[in-house]
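A.B. asks: Spelled out, the chains give:
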Amino acid sequence: MPYAIELLSITKRFARTIANDNVTLRVESGSIHALVGENGAGKTTLMETLYGLYQPDSGRIRIQEKNVSIKSPHDSIRLGIGMVHQHFMLVPPLTVLENIVLGSETTRYSLLDLKKTTTEIAELAGRFSLSVPLDEKVENIGVGIQQRVEILKAIYRKADILVLDEPTAVLTPQESIQLFRILSELKEEGKTIVLITHKLNEVMEISDRVSVMRKGKIVGEVETAKTNPQELAQMMVGRPVLLRVEKAEKKAGDPVLTVNDLTYVDRRGISLLKNVSLEVGSGEILGIAGVEGNGQSQLVECIAGLIRPSAGFITLDGIKISGLGPREVFARGLAHVPEDRIKRGLVVEMDVKENLILGLHNQPQFSSRLSMNRKSINDNAKLLITRYDIRPMDPDAHARGLSGGNQQKVIIARELSRNAQVIVASQPTRGVDIGGIEFIHRTLVEARDAGKAVLLVSADLNEILSLSDRIAVMYDGKIVKLFPDSKVEESELGLYMTGSKGNSQEKALGI
Amino acid sequence: MAEKRHWLEHPATQNFLIPIFAVVLSFAVGAIFILIVGQNPFEVYSVLFSQTLGTSYGVGQLLFKTTPLIFAGLSVALCFKAGLFNIGAEGQLQIGAFMTALVGMYTVGVPAFIEIPLLVLAGMVGGGVWGFIPGYLKAKTGAHEVINTIMLNFVAAALVSFFVTNLFNVPATVHTPSIAPTGRIPRFDAVFSGFEGSPVNFSIIIALLAALFVWYYIDRTRYGYELRVVGLNSKAAEYGGISVSKNIILSMTIGGAIAGLVGTNYVMGYKYYFEEGFSTGTGFMGIAVALLGNNNPFGVILAALLFGMLEYGGLVINTMVPKELVSILQAIVIIFVISSNKIFRKILVNFLKKRTLSIND
Numbered sequence: 001m002p003y004a005i006e007l008l009s010i011t012k013r014f015a016r017t018i019a020n021d022n023v024t025l026r027v028e029s030g031s032i033h034a035l036v037g038e039n040g041a042g043k044t045t046l047m048e049t050l051y052g053l054y055q056p057d058s059g060r061i062r063i064q065e066k067n068v069s070i071k072s073p074h075d076s077i078r079l080g081i082g083m084v085h086q087h088f089m090l091v092p093p094l095t096v097l098e099n100i101v102l103g104s105e106t107t108r109y110s111l112l113d114l115k116k117t118t119t120e121i122a123e124l125a126g127r128f129s130l131s132v133p134l135d136e137k138v139e140n141i142g143v144g145i146q147q148r149v150e151i152l153k154a155i156y157r158k159a160d161i162l163v164l165d166e167p168t169a170v171l172t173p174q175e176s177i178q179l180f181r182i183l184s185e186l187k188e189e190g191k192t193i194v195l196i197t198h199k200l201n202e203v204m205e206i207s208d209r210v211s212v213m214r215k216g217k218i219v220g221e222v223e224t225a226k227t228n229p230q231e232l233a234q235m236m237v238g239r240p241v242l243l244r245v246e247k248a249e250k251k252a253g254d255p256v257l258t259v260n261d262l263t264y265v266d267r268r269g270i271s272l273l274k275n276v277s278l279e280v281g282s283g284e285i286l287g288i289a290g291v292e293g294n295g296q297s298q299l300v301e302c303i304a305g306l307i308r309p310s311a312g313f314i315t316l317d318g319i320k321i322s323g324l325g326p327r328e329v330f331a332r333g334l335a336h337v338p339e340d341r342i343k344r345g346l347v348v349e350m351d352v353k354e355n356l357i358l359g360l361h362n363q364p365q366f367s368s369r370l371s372m373n374r375k376s377i378n379d380n381a382k383l384l385i386t387r388y389d390i391r392p393m394d395p396d397a398h399a400r401g402l403s404g405g406n407q408q409k410v411i412i413a414r415e416l417s418r419n420a421q422v423i424v425a426s427q428p429t430r431g432v433d434i435g436g437i438e439f440i441h442r443t444l445v446e447a448r449d450a451g452k453a454v455l456l457v458s459a460d461l462n463e464i465l466s467l468s469d470r471i472a473v474m475y476d477g478k479i480v481k482l483f484p485d486s487k488v489e490e491s492e493l494g495l496y497m498t499g500s501k502g503n504s505q506e507k508a509l510g511i
Numbered sequence: 001m002a003e004k005r006h007w008l009e010h011p012a013t014q015n016f017l018i019p020i021f022a023v024v025l026s027f028a029v030g031a032i033f034i035l036i037v038g039q040n041p042f043e044v045y046s047v048l049f050s051q052t053l054g055t056s057y058g059v060g061q062l063l064f065k066t067t068p069l070i071f072a073g074l075s076v077a078l079c080f081k082a083g084l085f086n087i088g089a090e091g092q093l094q095i096g097a098f099m100t101a102l103v104g105m106y107t108v109g110v111p112a113f114i115e116i117p118l119l120v121l122a123g124m125v126g127g128g129v130w131g132f133i134p135g136y137l138k139a140k141t142g143a144h145e146v147i148n149t150i151m152l153n154f155v156a157a158a159l160v161s162f163f164v165t166n167l168f169n170v171p172a173t174v175h176t177p178s179i180a181p182t183g184r185i186p187r188f189d190a191v192f193s194g195f196e197g198s199p200v201n202f203s204i205i206i207a208l209l210a211a212l213f214v215w216y217y218i219d220r221t222r223y224g225y226e227l228r229v230v231g232l233n234s235k236a237a238e239y240g241g242i243s244v245s246k247n248i249i250l251s252m253t254i255g256g257a258i259a260g261l262v263g264t265n266y267v268m269g270y271k272y273y274f275e276e277g278f279s280t281g282t283g284f285m286g287i288a289v290a291l292l293g294n295n296n297p298f299g300v301i302l303a304a305l306l307f308g309m310l311e312y313g314g315l316v317i318n319t320m321v322p323k324e325l326v327s328i329l330q331a332i333v334i335i336f337v338i339s340s341n342k343i344f345r346k347i348l349v350n351f352l353k354k355r356t357l358s359i360n361d
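Protein chains in written order, with the numbering used here: chain A, 1 to 511; chain B, 1 to 361.
Bear in mind the hints are in silico, worked out from the structure with no lab data behind them.
No false leads were slipped in.
List time: in silico DSS-like cross-link candidates among lysine-lysine, alpha-carbon distance up to 25 Å: (1) LYS343/A x LYS140/B; (2) LYS215/A x LYS199/A; (3) LYS235/B x LYS140/B; (4) LYS217/A x LYS71/A; (5) LYS215/A x LYS226/A; (6) LYS346/B x LYS71/A; (7) LYS246/B x LYS343/A; (8) LYS137/A x LYS158/A; (9) LYS187/A x LYS66/A; (10) LYS507/A x LYS320/A; (11) LYS217/A x LYS199/A; (12) LYS235/B x LYS343/A.
Sequences are here, hints too, so could you generate the full structure?
C.D. replies: Right, here's the structure in full:
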């Protein structure tokens with residue numbers, strides 16, 4: 001089988017790091033090739049070099065068995081390469097149609113010929129079962145559809161090679177299944193697909209071959225049928241990795257955190273939380289599954305004191321905490337790992353040691369009325385950095401320079417150092433690589449085993465299923481289902497998450 | 001894979017080198033302008049430096065011009081750390097200096113050890129109130145501080161102008177009566193010979209203490225920690241239980257109070273009265289000073305010295321080149337500081353890249 005893409009001995013250096021170190025990757029025409037590796041392994045850089053966003057310092061590129069020189073995305077598009085970036089490159093106020101033709105408009109007498117274009121695109125969309133509402137504005141459609149628009153855009157530009165960077169990061173399980181169906185169809189039509197991901201079950205499900213990158217190098221290439229997730233994970237991380245969390249069965253203690261008939265109506269008058277009730281007992285992890293935007297964020301923010309519920313109340317250890325601000329809630333014994341670490345959880349311009357005292361900075365060991373205790377702040381940082389293996393091991397490093405996983409470890413370290421009774425963790429491993437995920441999961445289970453009450457909110461079903469003692473599903477501001485254990489099929493959870501099953505309120509009570 | 005960092009990569013070194021790079025570059029560009037007006041840049045610059053830094057009188061003049069720029073620069077820098085752009089230092093220092101003069105003229109007979117602190121405090125209260133207002137409005141209504149401080153500059157200018165032409169003036173002048181003699185801050189020439197004739201006075205010590213205070217407050221106290229968190233990421237502040245609105249009000253008030261100290265130099269140390277038009281845009285120069293000083297209190301002192309030198313230097317080279325040239329030079333410095341950040345870092349990155357390449361090859 002001929003090769004669609006040949007990247008030969010590509011080396012790309014940035015100021016201080018080597019992103020790609022003598023990388024050679026060959027992708028067979030008409031296949032789906034997965035490129036896996038931890039964050040920062042150099043997958044995206046390699047593909048962006050192929051797409052012309054970077055120039056390699058050395059190495060050659062061959063496309064469809066011909067030597068080529070790619071100076072910009074302009075060249076790569078001409079060569080039939082399309083890329084769907086992790087962050088979509090769409091113009092929200094324009095319609096789907098306008099977005100697809102943008103940059104390659106068909107014109108007639110120098111006017112847009114939208115009529116002709118519409119038929120063309122509709123024909124393309126039909127051929128690949130990529131149904132999209134052509135006249136809807138992009139800002140009004142969901143991310144799953146936006147992604148299809150990106151794919152359609154690439155195909156409309158006659159792409160034979162399609163690169164997708166972490167395409168399922170933003171999708172629900174159902175949307176992912178649809179995406180994979182589309183990708184299979186594209187393959188049937190003879191397109192070549194490169195899939196960047198770090199989710200191994202996806203690799204197993206859809207790809208023909210897998211290349212594994214670690215620290216800028218290709219460390220292995222295998223036929224998907226001849227490997228397994230365990231082996232791939234080990235190649236990615238460079239050591240054996242525990243994919244499933246090991247935890248002992250444990251009986252939960254008395255409820256520590258209770259949420260009672262909680263309702264939240266936002267400024268526009270939309271009810272985002274509708275009479276939500278739940279209990280989390282000491283020594284248990286209650287997982288909240290759900291597609292993002294179904295009230296989980298508001299639930300967490302109400303508990304953390306960031307917003308005030310419109311009705312209902314929350315207690316921690318029997319004391320009412322709703323209506324208190326974040327400072328008081330922390331003082332009552334809550335730890336909070338916020339869903340967006342860059343926007344909420346960290347001050348990325350500050351160094352690690354300062355981030356490790358955010359919200360704790362008023363405690364007597366860190367500051368008196370007149371001055372901060374710089375020594376104890378530094379000691380605290382050294383201790384937590386060692387205990388949580390935060391890299392680089394430098395209290396003075398800027399948080400911005402840390403990888404996603406290490407940034408998340410900073411937050412987890414800080415929140416667990418509060419020694420709180422209740423831990424609310426929202427999307428704790430989003431954008432974190434496999435090694436980091438393993439560590440964070442183990443830490444949360446350890447906290448549970450130490451008798452903490454853990455409320456885990458995650459869009460990642462694997463995470464929910466492997467960590468939770470009980471699982472509640474949120475949909476449309478309500479808890480639509482409570483499973484008393486974690487012995488649930490992923491597909492069944494998916495049905496509740498999308499509202500296809502169970503539309504009445506349940507209470508996540510009764511431990 | 002943690003490589004050892006090259007010393008040029010440290011942000012602290014860069015923060016220090018970039019303004020110097022900008023200043024050198026702007027002097028080079030200034031030379032072109034000097035050539036255009038038909039003068040020899042080397043001669044002009046040598047006069048500029050020798051007349052300001054070369055004589056004790058020149059140094060005195062320079063320091064006198066520097067003092068208010070330190071106050072204004074600190075005011076802007078502190079607010080900037082809280083994420084606020086204080087365009088209102090001009091109005092704050094007008095009100096502050098006027099309050100100093102006003103309290104000073106009505107408190108005759110109070111001993112110096114009470115009078116001096118009292119007048120200093122009056123200036124801080126005046127400026128503080130003028131900073132509090134836009135801070136409060138921002139915190140409670142979200143009204144943008146840039147607009148409100150600009151508007152309050154107009155109000156302040158009109159207010160003091162009205163007062164010194166109608167209510168509190170010495171007849172037929174636009175200045176207030178003199179403050180109590182016990183409220184005067186001694187001039188340098190009263191202590192050191194050599195500064196004779198120069199109005200530089202001990203208010204510069206207050207300015208240096210203010211810089212020390214700002215550094216300590218921002219860098220060493222939990223209030224400063226909170227202020228920085230608010231300035232860098234207000235959502236993280238909220239999450240960490242830090243009140244954003246409290247810190248906005250507080251920093252604008254403190255910033256205003258520091259700007260209000262300008263009166264110590266002019267009213268208490270020089271003329272002993274408040275005069276309309278005493279500040280020729282000091283508050284606005286404060287923005288440039290803070291920018292060049294990278295919002296660091298010690299950087300502010302250095303930047304204020306440079307701008308103080310340029311301000312006085314403009315007078316000494318007046319016979320050779322138009323005074324406007326100095327204004328051009330000041331403006332070029334600012335433009336280069338703003339734009340050189342990126343240029344400089346790019347040059348640096350390329351330099352370091354070449355270095356790593358040659359090491360690896």
